[in-house]
Amino acid sequence: MGPRLFLIVCFGGLAAAALLAVVVGVWLIAAALPDGGEAVRSMVIVYGGGIACLLVAVIAVLWGYLDHALAAPLAAVVRGIQTVVYANAEHRIEVDENHELGGLPTAVNDLVRKLSQARNTVEEAVATATRSLEQQKNQLAVILQDLSEGVIVCTLSHNILLYNRRALQLLHIGGDIGLDRSLFTFMTRQPILHCLGRLTNRVADGRHADHPEGLMAAFVGATSDGRHILDTRMSLILDPGGTASGYVLTFDDDTDELAALGLRDRLLREATEGLRAPVANLSAAAEILGGNPTMDVDQQGQFKQVILSESRFLANRLERLSAYYRDIITGHWPMSDIYSGNLFNHVSRRLKEQRDVATVMTGLPQWLHGDSYTLVELLNRLILKVGDLTGAASFDLEAVRGDRHVYIDVAWRGDGVPASALSLWLADRLDETLAGLSLREVLERHRTDIWSLDRDGVARLRLPLPHPKRSTHATDVQQLPPRPEFYDFELLARPGDLGELAHRPLRAITYVVFDTETTGLHPEGGDEIVALAGVRIVNGRILTGESFDRVVDPKRTIPRESTRFHGITAGTVKDKPPIQVVLPQFRAFVGDAVLVAHNADFDLKFLRLKEKECGVVFAMPVLDTLLLSAFLHDYTGRHGLDVVAERFGIEVHGRHTALGDALVAAGVFLRMIDVLEARGIRTLDEALVATSALVAARARLADV
Amino acid sequence: MAKSILVVEDEPNIVLSLQFLMKKAGFEVRVARDGVEALAAVEERAPDLMLLDVMIPKRDGYDVCQTVRANPDWQGIYIIMLTAKGREVDREKGIALGANDYVTKPFSTRDLTEKVKQLLGHNA
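Just so you know, the protein sequences line up as chains R and V, in that order.
For the first sequence, the residue numbers in the working numbering are 1 to 704.
For the second sequence, the residue numbers in the working numbering are 1 to 124.
Hints should not be assumed to be uniformly reliable.
As the list claims (entries may be wrong) - Covered, in the sense of this in silico footprint (three residues per stretch, anywhere, with C-beta under 8 Å from a C-beta of chain V), are these stretches of chain R:
| id | segment |
| --- | --- |
| 1 | 34-44 |
| 2 | 180-186 |
Unchecked claim - No farther apart than 25 Å at their CA atoms in a straight line, the calculated lysine-lysine pairs in the BS3-like style are these:
| id | chain 1 | residue 1 | chain 2 | residue 2 |
| --- | --- | --- | --- | --- |
| 3 | R | K352 | R | K385 |
| 4 | V | K58 | V | K117 |
| 5 | V | K24 | V | K115 |
| 6 | V | K117 | V | K23 |
| 7 | V | K117 | V | K24 |
| 8 | V | K58 | R | K385 |
| 9 | V | K3 | V | K23 |
| 10 | R | K304 | V | K58 |
| 11 | V | K23 | R | K304 |
The set of hints was computed from the structure by calculation and includes no laboratory data.
For glycine and all other residues, C-beta sits at the position ideal for the given N, C-alpha and C.
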């Protein structure tokens, strides 16, 4: 009910009630009058009618005033507000001047004005933002259009968000790509998934921060029909929370370049290999003719014929080479630095998917330079073929750093592969996805070759690959002082009975090489473990694939001074398990193995202090690479892990992470076994005797 | 008795020179034109030294080298690989597969003769 109708009803009721009262009053008076008072009765009726009329008139006037001064303006205010809300934000409420609403219309108008101002401000801001966004988008579009490379931006589910003209050309697409279409309509899936997997792993492990290529990796891509090879780079897009939300692909047509490369390779081959033979023939014949003047005429004729024919051949060849040379454009094969551990992970996973072939990663992971996807394909296929040929079902994968190359060794128990078979396999082609490259071509692109060797019942395929382009992988480690040496005679005291372990050759023992990162140097003073890692050595092989690596919540603050060493902060340990959870896990990982650590007493002290609390015991024998170093190289006092690693020629990766240090110590320890054997120390017992003698000596020294 | 040399080469022009050089140095020389012929010649009578080109028809030089090394009776045969492939990796592969030396073409005839004499203990 509106205010006006309400007033009408109220005042109408009031008027009716007044009339009724008058009529009833008149009737009662008239009835009470004695007979014969006709004149008085008439008067009463007339006065009653007058009073009734007056009452109704007063009520009507009152209603009229209230309707005009209150109800009508109120309705106008309501209509006005409705207009502001639903139609025109600029509308102002209009009310007749003679109203009794007091400040209401003005207050409402003020409110409306404020609202409209606020609305304008927001709209302006939105408009400005939209304008600048539009501007940025246009700028980006212009920049993208001007790029000579194709650019495509995709979501993690591979839907296309943005692309440039050049991308259309390179992908050989006639019309438009159409936003939100799947990238795989246009580009080959496998290499992209492979590269994305590499990058997301890199981010998940937090390695991108230190990685020389950061969030980027180069790979060999191709159009979906496999006809055009694309020199592609992928960069991951991270949202502010640090998780990947999409990626950018930039690419260049590589088929032209590859064609050019093919031409250049042919040119180079002809210029080097092709010329070597004729030059050899020529110079040999000339040398012989010159050095043997007494040669008979017949023979002389033969050599002269050689010189003549080879010279003609060389002249022709030179003409052809010059012709090629004019057509040449230099190109390159996209490659990036790859960590062998990641490469092997991909190989293992593919092998497991395809067939029940087991792989064991051994040795210290190395950096190398190559194209990850084609290398994975190459290794994968060759391993399957070796399996078919020899029946081997388990393979060791190891990267070995040499002076000129980093070697990828695939080893198995059994016979090697004849060179003839290997050379036949290399004619196999990769899927159509990569323009039908043959395995041989993959090798050629990496400027390398592969061969098979067998020795002592172990056969291997050896693939030399280039060293990483950036040497920063190893050297970006901050130079930090080594931990102070730590000796506690009791800790290293030999367990009473080693049993048959005592006389087992060092090489035949299973070890777990481990390292801890801690909040400080004083376990009794409340310092705690923040990271614990170990790696297993079995039969002289470091089983890289089977490592233990945990961050531990120390349940206390982590001093900044210690973070400098291990990079672990309160944020890193958030939601990580406490030592009471991790130590029993580590104990289970160690099993029956002998423990090895660099400066073992330090780490051991932390472990042993927690034994009771965690319900575990570390009673196994422990070897200390620091003490072994001191024993082997007693001419020097420098036995920090960095120095010792350098002395043994161990490449250092990821130093000052628990796993990194454990791996380095493992590498050092394996080399030490060789040297120890040369010094006549062959069994565990002998090694323990040698080091505990040193501990005793050093402890005495410390006492003095 | 003169030491014997098996020249495995498919290019007649270099065969002529190699044959002449080796004969002049006092060795007995046989020639094989491809990998199969080479292995047959070794089978017939093991030479003291092989001058083995890598790029030969039928079975390549790496294959021949590996096959020779796989036979315990032929461990004593010296193998010098001759090749137009000059990459470090090729040399490494040759040595890994059992070659005693690896000579890249073109080569000096005198150096080659010296190498052969040294291996066969003809230090003149």
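Quick rundown of the hints versus the structure:
1. 34-44: violated (count 0)
2. 180-186: violated (count 0)
3. K352/R to K385/R: 15 Å, holds
4. K58/V to K117/V: Between K58/V and K117/V the Cα gap is close to 29 Å, so the pair fails against 25 Å, i.e. violated.
5. K24/V to K115/V: At roughly 15 Å apart (the allowed maximum being 25 Å), K115/V and K24/V satisfy the hint.
6. K117/V to K23/V: 12 Å, holds
7. K117/V to K24/V: Distance of about 12 Å is within 25 Å: holds.
8. K58/V to K385/R: 22 Å, holds
9. K3/V to K23/V: 10 Å, holds
10. K304/R to K58/V: 31 Å, violated
11. K23/V to K304/R: 19 Å, holds
When the structure is compared with the earlier hints, violations turn up for hints 1, 2, 4 and 10 and for no others.
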